[in-house]
Amino acid sequence: MSLTTAHSVIEPTRTSKRIAGAIVVAYALISMVPLFWIFATSFKTPPDSISYPPKVIFQPSLEGYCNLFTTRTRQTREYVDALGPATTLCDEITRRRNMVIAGPSNYWPRFINSLVIAFGSTFLAVSLGTLAAYGFSRFKVPLADDLLFFILSTRMMPPIAVAIPIYLMYRELGLSDSALGMILLYTAVNVSLAVWLLKGFIDEIPREYEEAAMIDGYTRLRAFWKVVLPQATTGIAATAIFCLIFAWNEYAFAVILTSGSAQTSPPFIPTIIGEGGLDWPAVASGTTIFLVPILVFTILLRKQLLRGITFGAVRK
Amino acid sequence: MAEIRIEQLRKEFSGFTAVQNSSFTVQDGEFFVMVGPSGCGKTTTLRMIAGLELPTSGRILLDGEDVTMRRARERDIAFVFQLFALYPHMNVRKNIGFPLLAQGMPGAEIRQRVEEVAKLLRIDHLLDRPVSGLAGGDRQRVALGRAIVRRPKCFLMDEPLGTLDTEFRDLMVHELRELHNRIRATTVYVTHDQMEAMSMADKIAVMNHGVIEQFGTPREIYDRPRTMYVADFMGSPPMNFLSFSSGLAKGDSTVAILGAKIAVPQIREDVPLAELALGVRPEHIRLDDASPIRGEILGAEYLGTTQIVSVETPGGLLKARIPADEHVTTGEQVGLALSGGHLSVFDRTSGRAIETALFEGAAHG
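Protein chains in written order, with our numbering: chain W, 2 to 317; chain G, 21 to 385.
Do not take every clue at face value.
As the list claims (entries may be wrong) - As a list, the in silico DSSO-like pairs of lysine-lysine whose alpha-carbon atoms are at most 27 Å apart:
no., chain 1, residue 1, chain 2, residue 2
1, G, Lys-281, G, Lys-223
2, G, Lys-223, W, Lys-227
3, G, Lys-114, G, Lys-139
4, G, Lys-270, G, Lys-281
5, G, Lys-223, G, Lys-173
6, W, Lys-227, G, Lys-270
7, W, Lys-304, W, Lys-227
8, G, Lys-339, G, Lys-281
9, W, Lys-304, G, Lys-114
Stated by the list, open to error - Across the chosen pairs, the derived CB separations fall in these ranges:
no., chain 1, residue 1, chain 2, residue 2, range
10, G, Lys-139, W, Phe-150, 53 to 59 Å
11, G, Met-125, W, Met-170, 32 to 38 Å
12, G, Gly-153, W, Pro-54, 58 to 64 Å
13, W, Ala-29, G, Ser-152, 46 to 52 Å
14, G, Met-125, W, Phe-124, 54 to 60 Å
Hints in this document: simulated from the structure, not taken from any laboratory.
Ideal placement from N, C-alpha and C gives every residue a C-beta, glycine not left out.
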């Protein structure tokens, strides 16, 4: 660094900017390697996926996706040859392995379960969280600090610690293996996070806005709806993403409480491995598709998310 | 438009009294200013009139109707906040029209009313702009527009010029007063700035520690302060106080101070021996070498047309406002003449003004 060039204390120098940039790029690349590997594996054939040394350049195949969406039965060569011409690409790929498609797999129903449960619980947690946060932020709630601490404390224990009691309760209540049960459970876990995050955001919205609206003839509820909510969208979006990511990825409760009709994708995807050897491309394609909703949601809300995670750091 | 009557209004927060038994009446069409230092209870009083706080006791009457416990939205008043509270997610037009929307007014009528008001405030060219990009003065006008558009019974303003820079503030003081002259709406205005209060108000209430120290026209407040606090708070530099102890009798027209007899407005009450103070405004002091009150000049602040001269006397520091062309030198010994007809006498223990002939001029002041 030359001593002759004057530079401000706050403005970083070119060199330090470059170093910082290089670190960020390197970190991003390292974090993206597993994602890239999953994506690449999903287009490999099963032999390519387990070849050693690993193949970076390979002939892409849709076998993983075909295997993901179907269940297959193994047949003799003669039986397969005796069949008529293959009607679909997946038919053809399957027959090459001496198998025929028996029917659709459970992947889509499980995926839809995940969508319903994750978005449902996110919606509930954020709605309840917003109302509770508004209440704590604006009204004199008796024992407000203790209540807030209690809400936070529900988050201190790992949720899985209560898995067994919840399993027993759910069995009694008939909520086991039901979408409603899972929505309620994830809502309960997420609502504490939602209250705390949203209280911070709502505290930052000056009361004068609602007071102005209430003097101008609005009820508190309408003032909340017309004035507070539009200004809390950043916080709501950021909170929604955090809740969604938790509910979408949650594995342990899903394994214990769902097995059939309400099973979500995370416990389902590993079961693919068992069907006819270590079918890594099918697992990888299941994972790839599983990543899409969060990716889309995050990209759509990236502006709010960025402002959300830096909130408090920048004065409006 | 309406008259606002406040009766024995009191507000206690946990263990702290913000407003103590205030009573006053704002006449229909009056521009009323509550002035005082921060924490004196003026904003709390305003918020109680608005319905944003409920009083601990007392009554608030709007046009003779008791609204003490009514909700804010049922009082038909408009409020202008210090930080304007313009809704950032709406443009200027929607901000101004927002109160009308609450009444369920048809869109075409809202449009028309909003445009009328925008013209009145000369912001019609800004109607479709987002509020975030507006300059301070324009934000202020939008906030006023939102208040005016509803044609409410009265306007309440909480330091609406507090965040503007000085230049803009002078302009807005003038504009606000002009606007008031045009629409003649009963207005309650809160400020900590005594200059703002003096230049805009029809009536002023000076508040301190939750108590109204004095209520009256700007002229009464300035010329005939009822308490030492008011005398000190209003005016820049504030009123000078010369301490002395003496007894006074009804009919006296001089007081003995610093070995001199000073003419004062005739005393109207008997005062047993007490710690007193003679109050004199800086502009009522002249340099006069014949005067028995003497002091040493400590310095002078040159203000163009006048200068403020600080003089150390045996009775304390005095600030005199004298013509700028009078030549003074620091360290010089001078005599000070006080203009007798304008002097106030205070009881220093209670801070209360002693009754004198000064207050009898009040009726035709």
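Given a hinted range of 32 to 38 Å, is it respected by the beta-carbon distance of G:Met-125 and W:Met-170? violated, 53 Å
Hinted pair, alpha-carbon criterion (27 Å max): G:Lys-114, G:Lys-139. Please report holds or violated. Holds: G:Lys-114 and G:Lys-139 sit about 15 Å apart, inside 27 Å.
Can the restraint linking W:Lys-304 and W:Lys-227 be considered satisfied, given a maximum Cα separation of 27 Å? holds, 22 Å
Mind checking the alpha carbons of W:Lys-227 and G:Lys-270 for me, to see if they're no more than 27 Å apart? violated, 65 Å
Taking 27 Å as the top limit, are the C-alpha atoms of G:Lys-270 and G:Lys-281 close enough? holds, 17 Å
Holds or violated: W:Lys-304 with G:Lys-114, Cα cutoff 27 Å? holds, 25 Å
Are the Cα positions of G:Lys-339 and G:Lys-281 separated by 27 Å at most? holds, 20 Å
Quick one, are G:Lys-223 and W:Lys-227 close enough, alpha carbons at most 27 Å? Violated, at about 37 Å.
Kindly confirm whether 53 to 59 Å is satisfied by the beta carbon distance between G:Lys-139 and W:Phe-150. holds, 54 Å
Range hint 58 to 64 Å: satisfied by the CB atoms of G:Gly-153 and W:Pro-54? holds, 60 Å
Does the hinted range 54 to 60 Å hold for G:Met-125 and W:Phe-124 at CB? At roughly 34 Å between Cβ atoms, W:Phe-124 and G:Met-125 fall outside 54 to 60 Å, so the hint is violated.
46 to 52 Å as the expected CB spacing between G:Ser-152 and W:Ala-29, which holds or is violated: At roughly 33 Å between Cβ atoms, G:Ser-152 and W:Ala-29 fall outside 46 to 52 Å, so the hint is violated.
The structure shown violates the earlier hints numbered 1, 2, 6, 11, 13 and 14.
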